[in-house]
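Novice: Since chain A is already given, all that's left is putting chain B with the ligands on it; use the hints.
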Amino acid sequence: MFDWMSYHRADIAAVLIFVFVVTLLWSIYHGVKVSRLRDKEQVFGDPERTSGGWYWAVCGIATIMLLWFYYSWGMARAYFPRAANELCQVAKVNEALSPIVAQLPIGSRYFKSTDLVVRNMEQLDEVEASFPNGAFTAAEEKQIYAIIAQTRALIGVYSNPSSIDAATRSNLQIVVGDIQQLTSRIQAGPEGLQPTAEALAQAPWGVGNEEIPMLPMTPRGVMFDGISQDVVGISKTFLTLRNMPAEASRLIDLTRADIANVKENINNNVTSEDIAETRNSYLKSVERIFKRLDDGMIFPANTLDEVNDAVAVMIEEMDDAKGSLGIIDAIFMPGQGVLKTRTICIEQGSSRWLPKPTDVVAKLSVLANPNLEEGGGFKGTRLLWFKWLPVADVVGFFVPDGMVDILPGSYGKHDDAGRFVPTYKDRLLAFAKGEVYLGSIPMLDGHIWDSLFRVLVAMFFGILLGVPLGIYMGVSRFFKSFFDPMIELYRPVPPLAWAPLILTIFGIQDDGKIFLLFMVAFAIMVISARTGASGTQLSKIRASHSLGASNRQILRHVILPNALPEILTGVRIAIGVCWGTLVAAEMLAGTTGVGFIENVARTVSDYELIWVTILIMGLLGLLFDIIMRKLISILIPWRGKG
Amino acid sequence: MSDLVCKDLSMTFTAPGSGAMVEALKNINFTLKQGELLSVLGPSGCGKTTLLNMVAGFLNPTSGQLALGGKNIDGPGVERGMVFQQGALFEWLTVSKNVDFGLRMKNMPAAERKELVNKWLDIVGLAGFGDTPTYQLSGGMQQRVALARCLVNDPDLILMDEPLGALDALTREKMQSLILELWKETGKTIIIITHSVEEALLLGQRLFVMAPRPGRIHKEYQLDFAEEGLTRSLRDIKQKTDFAKVREEILTMIWNMEEEIMGGV
Ligand SMILES: Nc1ncnc2c1ncn2[C@@H]1O[C@H](COP(=O)(O)OP(=O)(O)OP(=O)(O)O)[C@@H](O)[C@H]1O
Ligand SMILES: [Mg+2]
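The listed protein sequences correspond, in order, to chains A and B. Be aware that the first sequence starts at 1, since it is given in the working numbering, and climbs by one per residue. Be aware that the second sequence starts at 643, since it is given in the working numbering, and climbs by one per residue.
Looking at chain A on its own, in the form it has when it is part of the complex:
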């Protein structure tokens, strides 16, 4: 079932998108209709105007989901499942063409040769103008000026159309011919071409290990794939082409020898370290320009015109052959479209960091699979499941061994035969140490539970200690004045600023995190309980005094219930803040927890996983809040009515 859904995720998305579109249109229609019929009495600004309106909530959700589908390329994949595969074949051609295109003014303004000539000439002028007077002897100066002049002459030789040799000319002709041949193949279209069985067996877009299946799955794709293979050969030939006439070779050899000559004596005639530095770096800057020019990659201005025309025509033909693919690419694949890197095709656009909704759900279900052997869970820990916890472990944890020591009697000794004779104390000790099997209880387990557990334990202690202290601070001058400075000094520090310290002291596992969260919860609980307690109406306190209640009874029966709304609001806030702090703390250190998953996902740039964790955190945070709100309305129905 799950595998089927995973395989058909594009189809599921197609249905979902359709449903969302219908929902969106319906909710807008319904919303507008209801707005028209609105009560005339509800003038603008009347708070009543905002009540109700669930259809707008539906409209908002549908909008968000559709935007998500769109920007994650989910719509493209749902309705054009083959598009990415075909565009991948086109991308292959583009990649193969790129060495040739790099030389041409396609996608740029100038031939690369023109760029090179202009840039190097400029730099030669600059270098010549900044000749360091006094650093070189007159002879050396002459030699260096000669090197610069020869380099300039070299550019001249390259640019002269009459100097290009015949072999290079005919090779360029061959390249042009090959490209034109490919162009006519593109014009002929994919007739008669069939994808291989191997290609058709590939997992669909987004399902397999590859982001986009590589082998062509459509006739058109097969054509582009074939073209790309030929282009690879043409590019190889093209890259071997050099413009190296005899005159250029002569100039290169000469200049090289001159540079070597100057270099040999570079350390003579040196009077100071500064001079040495100047000599070295100047010669280097001259040599750097020369070295960029000694490979014969500059062609005369018109030599590549034919290649340029041929490639331009071919690209035009490819665009024609793409047909609807181009429109799909432009509309449904926001961003640069499908790109081929060295070995794979990737989605280059917003979908790189915004995974498709169905992929996020699929990732979540993989994580949620409790079977670790099948590849479920994350890094050897389940997401959320249960495990059998031996009761003995719990007993061993909570019952201190020392309690047995206090009991009367003594521990066992060994007898004459060398056997150990245990007493009742030995048996109790085994019990206290958790060595006696007492059965097992089911216990929650997994990353989510680890995170929850930390928050819950911290909240438990925060409430247990914070509420009484807060209440006393609300009624007692000593408690208020004594504890106020301490709490006010640590509370304003952002919890995460404490984290490095606390994690060092208490360890990066549960202890440290729980303590950190405890600090957060404690401060919030103290403050809210204190506010609640000190906000008790004086007349209520006086009334209970007159009714004969003792101070303790007033605390328990009047001040505590009176502070309950504030306390519960405090709990609600504290849970939210703890949750936020926890995830950040787990990202700092540790090996389990939702924040840990996100931290790993971040380091490997697994955006699906990042979104899954964001989703989990958001939903759990929402869940906490809903539970607290329900709890508040159940526990304190009198809220705001006192």
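Not close to chain B: a few residues of chain A, all C-beta gaps over 10 angstroms, as computed:
(1) Met65
(2) Ile106
(3) Arg119
(4) Asn133
(5) Glu317
(6) Ile331
(7) Phe332
(8) Arg342
(9) Ala368
(10) Leu384
(11) Val421
(12) Val436
(13) Leu438
(14) Ile508
One-sided excerpt, in silico: chain B residues whose CB lies under 7 angstroms from chain A:
(15) Phe700
(16) Phe726
(17) Phe743
(18) Tyr777
No lab work stands behind these hints: they were computed from the structure. We put the CB at the ideal spot given by N, CA and C, even for glycine.
Specialist: Just chain B with the ligands now, kept in the frame of chain A:
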């Protein structure tokens, strides 16, 4: 006999900030016999609440003595029950839990408590409302609960600070009758503070008109409208000429006091 004796009672507040001294009360002397019904009237700020708070034990007088039944008043106590203007009910408790609050604090057994609570809810006309949360009650019902909560503790002296101030005219009249009935049936000593001259006349066997700066008893009346009110309708009493005469006299008195305050400043 538990009479309330008040001797040379003075109370001076230091206003926070300015440090100015306010003579809220100066040399108050009176004795209230057991079973008497006293109403206190006066312009705002003449120290009525201050007086009541001292009798209840919430404030310590600057000088002078207060004793109930020969015992000096030193802090709040169950023998002096208080009814506040806004009821001061515990909104997290039901009606019956509110009423038996004092009894629970004394650890009275549940069965006895229940019997007493039912009896008093019956008297104040709230039978059947025991399990209702107090925030669902109307203002008049809330004041009935406050009365029951005070009376169930069986105090010797009942102190009421504008108990009917927040109620509408009709409810107010019903509550006035109820207070008179309770006074007769229980024979308790009652001090009731009010802003309404009519109410003070109707509910006062004795009536103090107080004057401000310094707070003092300006004039004392002995009236029999309260006794009359036990048998006749309150509205009839209000029609009587001698009732109207006293009412006009007191209104003029208070009016003049207010004038003096305005002109004095
Ligand atoms: N805690 C206090 N600190 C300072 N001054 C106070 C305090 N309580 C009351 N006073 C002052 O004492 C005077 C009497 O106050 P009190 O509340 O007794 O008046 P009142 O007669 O009850 O007025 P009202 O009819 O408006 O309730 C007022 O001038 C008031 O400003
Ligand atoms: Mg008052």
